[in-house]
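Line order of the protein sequences matches chains A and B.
Going letter by letter, the first sequence gives residues 24 to 275 in the numbering used here.
Going letter by letter, the second sequence gives residues -7 to 202 in the numbering used here.
By construction, these hints were calculated from the structure, which means they are not laboratory data.
There's no promise every hint is true.
Claimed, not checked - Once the Cα atoms are required to be at most 20 Å apart in a straight line, the calculated SDA-like pairs of lysine to any residue come out as:
hint, chain 1, residue 1, chain 2, residue 2
1, B, Lys98, B, Val108
2, B, Lys98, A, Asn218
3, B, Lys98, A, Asp185
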Amino acid sequence: MLAKRIIACLDVRDGQVVKGVQFEGLRTAGDPAALARRYNAEGIDELVILDVTATLEKRLAMARTVRAVAAELFIPLCVGGGIRGVDDAAAVVEAGADKVSLNSAALADPSLITTLARQYGSQAVIVAIDAKREDARYAVYSRSATVAAGRDAVEWAREAEDRGAGEILLTSIDRDGTKAGFDCEMTAAVSSAVNIPVIASGGAGDFSHFVDVFTRGRADAALAASIFHYQENSVEALKRHLQEAGIPVRLQ
Amino acid sequence: MPIALIDYGAGNLTSVRKAFAHLGAELYQPQSPGDLERASAVVVPGVGHFAATRALTSEWHAAIRAGLDRGQPLFGICLGMQWLFEGSDEAPDCPGLGLLEGRCWKLTGGPERLKVPHVGWNTLEPAGDSALLAGLPAGSSVYFTHSYACPVTPATAATTEYGGERFAAAVDTGQVMGVQFHPEKSGEAGLAILRNFLARVSTRAGAETR
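Generate coordinates for the entire structure from the input sequences, incorporating the hints supplied.
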């Protein structure tokens, strides 16, 4: 049976994981490769490295980070953040990324989705959509949720699929960082509208939130960052919880 | 002798190369069909549309078949495994290598109308003895991403089910092997399968030396 995927996100700046990483007894705290190794051992299904580096020069460090993580990881690896065009995508693919995640660049030039899908295959192209509730719609924002894109998340997801995207990474701006749970209504609305997998993101606070997003939210995968950073073996514990709730997961 | 990894432009092969290198295998990229002569085995990878296999011209077909006659093991990954069959409904006018009987067909998602493509980790059901899958724990999961699937035939080593449809997830005739999933992205289970393939290649190389 096809498993619901659990994906860990590493927010990386200048070669270091920056979002609330705090392990005890791990000397390489903040090292993306060390964290990736731990998640892999715990049974994570996939990893996303998100480049939150502000400046162009420091982006050069990103390929090094991707290479270091990819060197010992044999599960799917997606890289996003700051992919502005074909050259950026090529650099991370060359470094070992299996998938690239496009956000603002795809909104600015949707044909980039098709270009990359032709180059690497649709399975390698994820379109990341950051959206929040506004009146009766889900408004899409670009540039780290600061600029209204003037699009609806459901319509944009459909267009992205038509243009060749292989998956949608849907983040609720309202829920991001709140630990109040995923936006299940928004996730279900987008997931029902497309025939490609939807990865839910934003709001994971406890294990029950994952059960909700896989049932009510109709998500194919769920992504989280800080919930995994604090506890040892939390990936495996989450998967056992999901299995007990009747949700198919991959257990090693 | 190194293993030939054929790059015919269907997707990025970095991960496949990395996994084989991790296991200590020496690979090279053949530039022409004649380059296959020095290979200890031939790997045909690939993702994407079946029409991409058109780049594997009749000269490649002939060179790969000649290699099989010399005892070279052949391993198809994802699109590369589909190509081992007669063809695919995805590109009806594009012939496969035709070593395995049957054609690839499009997944429907079944009565539950599951999403197609089939993306993610799914379980393998062994179908008979296969050295390629030797030692794999029961219920092992591997990573898939595909819309078309290979038929279940006597060559099938394992099947997978999606939306009520069962398809060949791995084939193994002894010399001709293939996997629909991505062993290079399937964690320990995937590495174990690649190790089994490499063991097959070195066994054959050892037999030749003797």
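Hints, one by one, checked against the model:
1. Proximity of Lys98 of chain B to Val108 of chain B is assessed by CA-CA distance (about 9 Å); at most 20 Å being required, the pair is judged to hold.
2. About 14 Å separates the Cα atoms of Lys98 of chain B and Asn218 of chain A, which keeps this hinted pair within 20 Å; it holds.
3. At most 20 Å may separate the alpha-carbon atoms for a hinted pair to count; Lys98 of chain B and Asp185 of chain A meet this at roughly 18 Å.
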